[in-house]
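Engineer: Residue numbers (our numbering), protein chains in the order written: chain A, 1 to 244; chain B, 245 to 505.
These aren't lab readings, by the way, just hints derived from the structure by calculation.
Owing to the predicted nature of the structure, the values given are computational and were not obtained by experimental measurement.
Just so it is clear, CB atoms sit at the ideal spot from N, CA and C, and this is done for glycine as well.
Check before you lean on any hint, since a few could be wrong.
[Said to hold, decoys possible] Each pair of labels, with its calculated beta carbon distance range:
(1) A/204 x B/322: 37 to 43 Å
(2) B/456 x A/218: 42 to 48 Å
(3) B/260 x A/90: 52 to 58 Å
(4) A/218 x B/318: 41 to 47 Å
(5) A/12 x B/394: 49 to 55 Å
(6) B/394 x A/66: 43 to 49 Å
(7) A/92 x B/260: 57 to 63 Å
(8) A/218 x B/322: 36 to 42 Å
[What the hints assert, rightly or not] When the alpha-carbon atoms are kept at most 35 Å apart in a straight line, the in silico DSBU-like pairs for lysine-lysine are as follows:
(9) B/317 x B/329
(10) B/415 x A/54
(11) A/54 x B/389
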Amino acid sequence: MDFAFLYSTMKALLAATPTTIGLFSLSVFFGGLLALVIVTMRVSNNIIARNFAKGYIFVFRGSPLLIQMFLVFYGLGQFGVIRHSFVWPALREPFICAVLSLALCTAGYSAEIFRSGLRAVPPGEVEAARAAGMSGFLLLRRIIAPIALRHALPAYSTEIVLMVKSTALASLVTVWEITGVAQRLISQTYRTMEIFLCAAALYLLLNFIILQALSLLENRLNRHHRRPTERKPSVMNALFGARP
Amino acid sequence: MSATPRLSVRNIRKSFGAHEVLRGISLDAHDGDVISVLGASGSGKSTFLRCINMLESADDGDVIVSGEKITMKTTSQGRGAANRKQLDRIRTELGMVFQSFNLWSHMTILENIIEGPVHVQKRPRAECIAEAEALLEKVGIADRKDYYPAHLSGGQKQRAAIARSLAMKPKVILFDEPTSALDPELVGEVLRVMRDLAAEKMTMLVVTHEMGFARNVSNRVIFMRDGLIDCQGTPDDMFGGQGSPYFQQFIRHMETENDAA
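Using the sequences and the hints given, assemble the complete structure.
Structural biologist: Structure follows, in structure tokens:
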């Protein structure tokens with residue numbers, strides 16, 4: 001084992017990790033926001049909005065993310081309108097193109113995950129809220145969204161983990177994240193095995209941390225399924241205080 | 245008796261597709277009235293109750309609460325309340341207790357009870373908590389306030405649901421078959437709470453199959469058949485043989501059911 005080499009590889013890959021985390025967190029954040037818009041359209045009564053959302057979900061779930069990314073990175077520049085508009089300085093940046101295509105793609109999946117959460121909200125609990133004088137945003141915020149979130153979280157956790165791995169594709173549009181840096185190192189040293197194993201270990205570590213955080217959140221949100229005696233002190237309680 | 249009824253329902257009609265479920269129902273409830281609504285299943289009594297607080301919107305007819313009529317409008321989506329703010333406000337005056345409790349599963353019992361007062365009525369949280377604890381004491385589940393609904397028995401859940409509707413300080417409470425989803429041994433604890441409310445002069449409209457409650461607690465019994473009020477009167481008159489032949493047949497049937505059980 002060439003520990004010195006592994007060490008220098010890890011150091012180079014760790015230096016690229018903030019880029020991976022940036023790609024991931026920005027695209028999950030903006031993709032999540034966009035998913036909220038899409039799911040609102042998808043469940044609305046307006047037939048145009050509903051069909052637009054259906055089409056959006058079909059296109060972004062149905063085509064390869066890599067092609068979507070190439071279309072955004074190489075394709076958009078072909079349009080003079082875009083090249084001469086104020087968005088061009090941003091769209092010239094590979095990082096921004098990667099975040100944009102990752103966000104557009106995850107929005108399609110997340111919208112469907114959120115919709116399954118909405119469908120799982122018991123109609124009777126919504127009726128009880130209406131009967132108590134709730135409507136509109138208050139009803140959404142206090143009753144529908146919290147229940148839907150609890151149902152959607154397990155599937156959404158999976159989507160988030162997939163997003164961490166999808167950031168690797170950004171290397172193909174010249175973003176120097178973990179996979180891109182790994183390939184550059186391989187082209188310099190031809191030591192494929194060690195370098196990719198280091199990269200894989202980093203992705204595993206990232207996902208391990210993310211999954212732990214998500215399962216803590218899920219555990220906390222699902223307290224109503226456990227008997228009171230099963231409630232244990234948790235990190236979340238320590239951080240945010242026990243609720244009544 | 246006061247001049248304006250607390251709740252007045254005028255000529256409610258409702259169809260589901262070609263099936264006319266309610267064919268013109270009117271009713272006045274004054275303060276302190278406890279009205280039992282009886283009828284075979286399919287007679288429209290639950291739909292009638294749900295039309296009062298607009299969980300179903302009636303095709304025709306008016307609902308007037310404390311003299312204020314719920315304004316209606318008809319759009320391409322159908323008929324509904326014209327003014328959401330007015331509807332929300334009037335709904336806070338009409339409590340509702342459901343057959344299947346419908347407590348909010350993600351909140352503790354205490355959180356369920358203070359939800360409406362704090363977030364709809366915007367009252368101070370501390371005051372609401374104190375009132376909620378008193379209400380839980382009153383319905384006999386004070387020790388369950390930090391439990392989630394999933395950890396309560398049916399009878400406890402329904403008593404919590406009654407406390408939740410009382411917390412809004414409603415003028416009228418609508419009960420939609422409150423004991424029908426309960427195991428027989430749990431029915432009594434819920435009926436006891438309802439009897440206490442009646443004794444405190446709470447105005448109640450109760451769709452029920454509990455003949456004992458209709459006969460002993462309510463001051464008026466309404467019998468619905470095929471979307472119409474078939475007959476109504478005081479419990480003494482109705483159960484003393486003055487109801488319509490259909491009602492006589494209905495109570496005979498209910499008694500044999502109970503005997504068979």
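Engineer: Against this structure, judge whether each hint is valid.
Structural biologist: Hint-by-hint comparison with the structure:
1. Roughly 55 Å separates the CB atoms of residue 204 of chain A and residue 322 of chain B, a value that falls outside the hinted 37 to 43 Å.
2. Between residue 456 of chain B and residue 218 of chain A the Cβ separation comes to about 46 Å, which falls inside the hinted range of 42 to 48 Å.
3. Between residue 260 of chain B and residue 90 of chain A, the C-beta spacing of about 54 Å keeps the proposed range 52 to 58 Å intact.
4. Evaluation of the 41 to 47 Å hint for residue 218 of chain A and residue 318 of chain B yields a pass: the beta carbon distance comes to about 45 Å.
5. Restraint check, residue 12 of chain A to residue 394 of chain B: a C-beta distance of roughly 51 Å satisfies the suggested window 49 to 55 Å.
6. In this structure the supplied range 43 to 49 Å holds for residue 394 of chain B paired with residue 66 of chain A, their Cβ-Cβ distance being about 45 Å.
7. Between residue 92 of chain A and residue 260 of chain B the Cβ separation comes to about 59 Å, which falls inside the hinted range of 57 to 63 Å.
8. Separation of residue 218 of chain A from residue 322 of chain B is about 40 Å and conforms to the stated range, judged on CB atoms against 36 to 42 Å.
9. The straight-line distance between the Cα atoms of residue 317 of chain B and residue 329 of chain B is roughly 14 Å, inside the 35 Å bound, and the hint therefore holds.
10. Restraint check for residue 415 of chain B and residue 54 of chain A: not satisfied, since their Cα atoms lie roughly 45 Å apart, outside the 35 Å limit.
11. For a cut-off of 35 Å, the pair hint linking residue 54 of chain A to residue 389 of chain B is broken: about 44 Å separates their Cα positions.
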